[in-house]
Each structure stands twice: as structure tokens, then as C-alpha cells.
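From just these sequences and the hints, can you work out the full model?
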Amino acid sequence: MPLEVRNIVAGYTKEVPILRDVDLTAQDGLVTVILGPNGAGKSTLLKTIYGYIRPQEGEVRHDGTSLAGYKPKDMLREGIAYLIQGHSIFPRMTVSENLELGAWIMRDDRQRMAEAFEEVYERFPRLKEKRTEPAGVLSGGERRMLEIARLTMTRPKTLLLDEPSVGLMPRLVDSIYEEIEKLKAARYTILMVDQNVKKSIEIADYVYSLQLGQNAHEGEKHAFEQRLNEIVKEWI
Amino acid sequence: MDYSMLLEPGILAQVLSQGLVRGSMYALMASGLSLIFGIMGVKNFAHGELFMLGTYVMFFALAVLGLPFPLGILLAAVVLFFVGMGIERTLIETLRKRAGRDWLLDAFVLTIGMMVVLQNLAQIVFGSDRRGVTGLIEGTFVSGSIVISYERIMIVCVAALVGVLLWAFLAFTNFGKAIRATSQDPDAAQTLGIDIARIYTLTFGIGAALAGLAGALLISIYPAYPTVGFQPVIKSIACVILGGLGYVPGAIVAALLLGVIEAYSVFFMASGWQNVLTAGLVVLILIFRPAGLFNSAKVERA
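Chains as they are written, first to last, in this note's numbering: chain H, 1 to 236; chain A, 237 to 538.
Fair warning: there could be bad hints in the mix.
Coverage of chain A stretches by chain H, computed from C-beta distances (three or more under 8 angstroms per stretch; other residues unrestricted) [stated by the list, open to error]:
(1) 406-414
(2) 420-426
(3) 430-436
Quick list of in silico lysine-lysine cross-link-like pairs, DSS-like style, CA-CA up to 25 angstroms [unchecked claim]:
(4) 184/H - 198/H
(5) 14/H - 333/A
(6) 73/H - 333/A
(7) 233/H - 199/H
(8) 221/H - 182/H
(9) 71/H - 14/H
(10) 333/A - 71/H
(11) 182/H - 130/H
(12) 184/H - 221/H
Source of the hints: derived by calculation from the structure; they are not laboratory data. The C-beta atom is built at its ideal place from N, Cα and C for all residues, glycine as well.
Structure (C-alpha cells):
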């Protein structure tokens, strides 16, 4: 069952809602991308889905369960992982401690924990090499890798990615998109916001665009690609 | 003043041991303060009153309940752990939830209020008498001209043991790791399923337990009375600044240093100079190394 956002009205204060009736669906195993100009409410939408902001109206459902009243700490147990904007590693903890914390919700299950570590080190040999080093000494690309590895320790169903390629140099942008491609191949449900419009549409299955906190356009990747120029013009 | 006395082993040991005893107390206090500041951003000005409550628990444990010394210390730590968690849950968390982004300033004012209320409550309930217990551990260690009481040795050893336990807890246990993660990036910690409200409560409880333990441990030097916490909290705030705000190991080293410096200043100058020295050191550090004596990558929060 998909991640459904139904008629959400939300914001930081009651008087000025940033999201005004947003409605979208992230289908299982597909990559859904949200586009829009600055201030359209993309990041606010992800924060609202994850329980940081309580919607004034509307509802988020995941796998058929309403997430009303859920807090951020409850979401991973519901199978939703969230890559927050900017750096989110713990710089003064080792790489392996960072990964361990990624598996916080299953900390008592030693077997699953060991399996998760084995798998993640197989996927990211670089992280295995550096497992005893503080995460703060990693390069920008390695940090992102660690963040993605940490995100998937508990094998969640759905991933929310907020600007995964922001602030990275072009070569690293390619490698982060390769990683997202792998996550897509592993059938994660992905809902993503990224400032790199071209690359994010390339990887998308379905695209939404928001404007001033409301749904503007939506469509399958190909339909969207054709209209992209005119849509981007509207933003300016 | 005959400074050659500095080199006499008997005097050196005497003053040094005095300094380390003081330093141990400052270290217990400052590590709790620094932990709370590093993780929650709260400057707990009521930390001295938690020390004061520790001295009262210890007094009642020994004089009324007749418990042995180690059990008294344990009791003070446990009681203050729960008192600390209660304070966090009822007062600080309420503030954090309601006041939004500016809540830290509110929390600062709240802790000053708590200081006043707790001091006056103690005054009403217990009166202003000093309730002390002396002669808990008799005997002295003698070697040549070096004479140190066993009590001092015990105080320093217990403080060191507690320091090691605290370090091991933060370094190796699941909750210790979650505490460190929360201090480095609370938003990221939440996305991993860590209940940061619980982490804050636990942290405040641990900080309070350390203060209570310090009060209990030093009952023979600082008897229980309502304002006994004032000197310890002022000095431990100085240690937190000297060691780098929120950096626990720095605060501990600064505490031991300050204890020894004060002991020497009492011995070689008049005892009034110790506060001048402490304040002077803080001013110098704030001017020349505002991030603390041990600043490096750990500047933000440890």
C-alpha cells in the first residue's frame, strides 16, 4: 500500500499555512519526485509527513495506517525513513556507531543487527574500511554514503529524501544518484525533493510540482518531461 | 612568604590532596552541568541546590536511618536521579514544548527560580542549622613526612570511579550512544527513532545524580544547610567555562586544575584570594580562549 498525503493544510503558525491543500501519492516501489520553486513547501511537506509539523487539516496514510498523532521517533518503526536536508551524520561518533544508531529501533535484536552490518559493509566497502574512524573525518561523498547506509539499516519500506544532492560537487551528484538508482532497484518506495530538476526527473517514475503550497502539475515522468520547460517558466 | 615550602614533600602532598578533594567535587558538579548544557543547551543554575539536596539526603541516611557511608552515597545519587528526572519532566519539558525557539532563555530563568525556591524550601523544612557528619573514616596514610587522611583518599577515589563509570556509560551503552547522538544532531537522532524527550529526561537525571553524589560524598567538609550549594555551583560553572562549554572531559580536567590552584592559593596567600583567582581565570579564558582550554573540533558541543 502506498504513502498517501490527503488534503494537507500545515505550517509553522496557524495563521499562515505553508501547505494549502496538498494531495499526493507515492506508489509502492516507485520513485516519486516533488518539484517546485523555492518556498513552494516541498521540505515542509516532508516534515509534515514525518510528524515534525502537525497538519491543521488532512491526513497522511502509510501502508493503510493513518499517521495522525505520530511523532518523528515513531516513523521508522512504521517503515518510513527520512534523509533530512543537509548533513545528518554524528561527526564525533565512529562510522560504525553511526550505523549502530541507524539500527536503534532494533538494538535488542543482535541477530538482525549483525545481518544489517554485514549487508551494509558489503554494499559499502569504503565504510567498512573506515568503520573505527570518527564520521567527521569522512569526505563529503563518504558522508552521504554513510547517511544512505544508515537510512536503510532497518530495511524500511519508504524513504523520504530531502535534497540528497544539495551542496555536493558534480561528480558526487552522479554517484549519489547512482545510489538512489540502486535503492530504486531494491524496490524501496521513494519520495524525493531535489534542486537538481533534470536528474531527479530522470530517475523519477511519477512527478508532482507544487507552487505556493498547492498542487500545480502532476504526471508520469514522460508526460512531465515534455512540459518541463513551460512548468519551470511558471516558477520565474 | 617562604616559597621553599612548596618543595617540601609533606606540605606538597597536604596541599595537593586538599586540592584534589576540592577538584573531585568540582569535577562531579561540573561534569553534570556540562552534560546537561552539552545535550540540552540548558544552563542549570539550580545545580547547587541539587548538591544541597544531596547533602540533606546523606545527612538523613547517616544520622537518622543509620545507613553505612557507601549506601548513603548511593541513596543520594538515586534520590537525586529521580528528583532530576521529575524536574525535567514537569518543568523543563513543559517549557520546551510551549515556548518554541526561545525556550532556552526561559529555561535559564526557570533554573534561577528553582534555585530560590529550593533554598527557601530547605530553609522552611530543615531550618538554617548546619547538619554535618564528621569522622566517617578515621585514620591517615603516613609515609615519611607525607600525611594524608584516608577520607581524602576515599573521596578522590570515589570521584574517579564515578568519572570512569560515566565515561563508560556514554562510550559503550546504547543509551550513552543515543545521548551523544542527540547532543550532536537532535533532528537526525529523532529520524532514527530515538525518543529525544526521554534522552533529555535521562540526561537531567544523570546530571542531578552527579550533583547529589558530590553533596553526599563531601558531607564531612560541606555540612547540609540551605545555601551550601552556592560555592560549588559558582566554581563548577567556572570549570565548565574553562573546560569548554558542553565538553565534559574538559570540564573534569579544569575542575581538578582549579581545585589544586585554589588549594595552593589558600595555603600561600589568604583564603579570600581563591575566588579572585577563579574569577580572574575565567575572565582570561573568555578573552583569550573563549572556546575553553581544550578547544579543538569539540567546540560546538560534545
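Verification of the supplied hints:
Note: the stretch 406-414 of chain A has 3 residues with beta-carbon separation from chain H under 8 angstroms; the three-residue rule is met and the coverage holds. Evaluation of the coverage hint for the stretch 420-426 of chain A: fulfilled, as 6 residues show C-beta separations to chain H shorter than 8 angstroms, against a requirement of three. Only residues whose C-beta sits within less than 8 angstroms of a C-beta in chain H count toward coverage, and the stretch 430-436 of chain A has 3 of them, enough to reach three; the restraint holds. This hinted pair checks out: residue 184/H and residue 198/H have alpha carbons roughly 17 angstroms apart, not beyond 25 angstroms.
Annotation: proposed proximity of residue 14/H to residue 333/A holds, straight-line Cα distance about 16 angstroms (limit 25 angstroms). Proximity of residue 73/H to residue 333/A is assessed by CA-CA distance (about 16 angstroms); at most 25 angstroms being required, the pair is judged to hold. With a C-alpha separation of about 18 angstroms, the suggested pair residue 233/H and residue 199/H falls inside the 25 angstroms cut-off, and the hint holds. Simply put, residue 221/H and residue 182/H have alpha-carbon atoms about 19 angstroms apart, close enough for the 25 angstroms limit, and the pair holds.
Taking the CA atoms of residue 71/H and residue 14/H, the gap is near 19 angstroms; set against the 25 angstroms cutoff, the hint holds. Of the pairs offered as hints, the one joining residue 333/A and residue 71/H holds, with about 13 angstroms between alpha carbons and a cut-off of 25 angstroms not exceeded. For a cut-off of 25 angstroms, the pair hint linking residue 182/H to residue 130/H stands: about 22 angstroms separates their Cα positions. Restraint check for residue 184/H and residue 221/H: the C-alpha separation of about 15 angstroms stays at or below 25 angstroms, so the hint holds.
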